[in-house]
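We have chain A already, so just place chain B on it with the hints.
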Amino acid sequence: MSIIVNKDTKVLVQGMTGRSGTFYSDAAMRYGSTYVAGVRPGKGGGRHLGLPLFDSVAEAKSETGANASLVVVPAHGAAAAILESIEAEVGVIVCITERVPVHDMVNVKAALNGSDSLLIGPNSQGVLVPGVCKIGVMSTADASHGCIGIASRSASLASEIVAQTTRAGLGQSTTVGIGGDPIHGIGFVECLKSFREDPATQGVILVGELGGDEEEQAAAYLSDSGYEKPVVSIIVGRHAPPERRMGHAGALSVFGTGSVGRKVELLCEAGSVAVQNPDEIAGALKAALAERQN
Amino acid sequence: MFLMEHHAKALLRQNGVVTPKGKVAETPLEAGRIAGALGVGGFAVKAQIGAGGRGLAGGVQFSDSPKDVERHAAGMLGNRLETAQTGVRGEIVRKVFVEERIDIDRMFYFSVLIDQNSAEPVLLFSSSGGVEFERVAAADPGVIKHIHLKEIDWREPEAISEILGSVGLSGNAAKSAATVVTGAIRTFFENDALLIEINPLAVTATGEAVAVDAKMVVDGNALPRHVELEAVVSEAAVEESERLAQENNVNFVELDGNIGLVVNGAGLGLATLDLVVELGGRPANFMDIRTTAGSFQIARVVQMLIERPDLKVMLVNVHGGGMTVCDTIAEALNFAYSRTGSAIPIVYRAAGQNAPWALSIMQNRKLPFRQFDNMSQAVAAAVEMAG
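Taken in order, these protein sequences are the chains called A and B. Every letter in the first sequence is one number past the one before it in our numbering, and letter 76, counting from 1, is 381. Every letter in the second sequence is one number past the one before it in our numbering, and letter 45, counting from 1, is 26.
Looking at chain A on its own, in the form it has when it is part of the complex (with noise of 0.2 angstroms):
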């Protein structure tokens, strides 16, 4: 089992024939996960990978049945494809599109209001179920299914503990990137609830930053449900000067101070573990995980 796609899952892509979007379909149809159509406005009818093309998302959806959207599709038209997967009624959305303007995401967070559609990003490595589904851009080297569901903020720091959740035999149930970004589609406490109720999903790893509120929103959703799956926490970004942009938007303090400081001790109150060292998370997991046993 798993969350948010599962063997089940067919996707198609937008922007499946420029560079990236050919490279990371590619990536992805190599691994295994079943990709079923490509979207490209004006070469409707061609075909890209061995897939048909389509005109038009909700064409593609009704001649395929493809109920996912993978959108590699350029900062200035990533919402606008968004909104169109949305119209479509496509049940996951998952945007990797690095730099899409805000009020853009304004206008996306809206429309997602009250729809059928779960968005995941932008700026995000994607989902990926270890040797089931992979949408997205994230490496598959040192992915193993597993028990142990990862959200996180950021690609990088997501593959190093993947790696490590591996080498330590615990695997991986599900992997969430929520994005970069500051204005983005599910969030922490969506991963919690959809891993609470996952029975491959063991344990949770949270992996935060600086900046924005998903943190502390996780930590209050965490005391007040009484969750019972061990969660293990990183939040990095502790000796960043405040004020500057590092990397990501979302770690921007126009958009609300966010200390990690703060956030730490709102999810140790919570009741989560909290690390600093990332090689120190499959550890704490493990001991916990060893605790609920006895």
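Since the hints were made in silico from the structure, they are not lab data. Computed from a predicted structure; not experimentally measured. We treat Cβ as the ideally placed atom computed from N, Cα and C, and that holds for glycine. One or more of the hints may lead you astray.
Straight-line distance between alpha carbons at most 27 angstroms, and here's what the computed DSSO-like set of lysine-lysine pairs gives [as the list claims (entries may be wrong)]: (1) A:Lys591 with A:Lys498; (2) A:Lys414 with B:Lys131; (3) A:Lys414 with B:Lys126.
Computed spacing ranges between beta-carbons, pair by pair [as the list claims (entries may be wrong)]: (4) B:His129 with A:Glu574: 24 to 34 angstroms; (5) B:Ile85 with A:Ser420: 32 to 42 angstroms; (6) B:Arg61 with A:Gly566: 28 to 38 angstroms; (7) A:Ala525 with B:Glu113: 29 to 39 angstroms; (8) A:Glu574 with B:Ser215: 41 to 51 angstroms; (9) A:Asn412 with B:Glu211: 21 to 31 angstroms; (10) B:Ala119 with A:Ala525: 43 to 53 angstroms; (11) B:Ser147 with A:Ala525: 27 to 37 angstroms; (12) B:His127 with A:Ala525: 17 to 27 angstroms; (13) A:Tyr336 with B:Ala324: 35 to 45 angstroms; (14) A:Gly396 with B:Arg61: 48 to 58 angstroms; (15) A:Ser528 with B:Ser147: 28 to 38 angstroms; (16) A:Gly396 with B:Asn153: 49 to 59 angstroms.
Below, chain B without anything else, positioned relative to chain A:
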């Protein structure tokens, strides 16, 4: 991108926002002349930089005579101004804004921004404006009124006037302030702004509302669709190192230490920075190599680090992912070291995609490196070598 005050005010004036009379000067003499021509009794001289926090750092001065304006301008122009929001070396002041000093009767605060939690634009308004606002608001968040813009007809000044009534503004003052607020909201949407903050919004004894200071941050991601902001963008003061890195698809923040960081991804970059600082080391930079960066591009940024006179050690912490593979970064190190002939030791740790191939590049090119299997060991070694 943080706009300089005079640029922000120029954009606001296009939407009917009243700002103090003033002009930009590039020399002290010009500043004095502008003051003389304003024909008013008091002046403000304000350093124009791309960051806030000027008031507390001496970047805003008041004076009563053009001669005095000239003196203040001379003290600012050509010098670096470091505030809590600038880089470690501050920003060189190339322009000052000489304005009429406003006789303030009452001060208010307002800002327009996108609330991250609801993902909606909001208007924040408070009757406690002025330099003390942040302190007052931190102590008592109740002094700020939050209004979701989709819930009001903000294009109609009457709707705004009504809201202002609840913070003690009425009559002509409310009407005048409503024009300023409506104009600022329009400016916010027209320019893809992330923040417009007017503090203080001054109301004079005659009931006129004036935006005395204006902070504006526009979304860098939206700049490609705002060609009209090109002049504003080209003037933005960006640290040379950060500009070069940006052109090469690397996110970079200059710091003042002696350990150069070469890292891919924002999260791993922050984690590495944290570990270095916690073990007592001093990072020379923050680095986040974007997935779109090629090895020649990364090499340019590494070379820039090598050329820092105080650099003691290069700490490479890479996790090869879907697109940035380890050998791309090993090649980049090779290019940068062979171009410069540098002997700065490299502490090297690379995992993930193509790690073995990257290691063989490091060995074959005889780079001055020590290899570590995990990041804790690598960071500890780098901190020790940097002394």
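Evaluation of the provided hints:
1. A:Lys591 with A:Lys498: Within the cut-off at roughly 21 angstroms; holds.
2. A:Lys414 with B:Lys131: 13 angstroms, holds
3. A:Lys414 with B:Lys126: 24 angstroms, holds
4. B:His129 with A:Glu574: 24 to 34 angstroms: Between His129 (chain B) and Glu574 (chain A), where Cβ atoms are some 30 angstroms apart, the hint holds.
5. B:Ile85 with A:Ser420: 32 to 42 angstroms: For Ile85 (chain B) and Ser420 (chain A) the Cβ distance comes to about 48 angstroms; the hint is violated.
6. B:Arg61 with A:Gly566: 28 to 38 angstroms: 30 angstroms, holds
7. A:Ala525 with B:Glu113: 29 to 39 angstroms: Given about 31 angstroms between the Cβ atoms, the range holds.
8. A:Glu574 with B:Ser215: 41 to 51 angstroms: 48 angstroms, holds
9. A:Asn412 with B:Glu211: 21 to 31 angstroms: 25 angstroms, holds
10. B:Ala119 with A:Ala525: 43 to 53 angstroms: The hint (43 to 53 angstroms, Cβ to Cβ) is violated, given that Ala119 (chain B) and Ala525 (chain A) are roughly 21 angstroms apart.
11. B:Ser147 with A:Ala525: 27 to 37 angstroms: Since the Cβ atoms of Ser147 (chain B) and Ala525 (chain A) sit about 30 angstroms apart, the hinted range of 27 to 37 angstroms holds.
12. B:His127 with A:Ala525: 17 to 27 angstroms: 19 angstroms, holds
13. A:Tyr336 with B:Ala324: 35 to 45 angstroms: Holds: the Cβ-Cβ distance is about 42 angstroms, inside 35 to 45 angstroms.
14. A:Gly396 with B:Arg61: 48 to 58 angstroms: 54 angstroms, holds
15. A:Ser528 with B:Ser147: 28 to 38 angstroms: With a Cβ separation near 35 angstroms, Ser528 (chain A) and Ser147 (chain B) satisfy 28 to 38 angstroms, so the hint holds.
16. A:Gly396 with B:Asn153: 49 to 59 angstroms: At roughly 55 angstroms between Cβ atoms, Asn153 (chain B) and Gly396 (chain A) fall inside 49 to 59 angstroms, so the hint holds.
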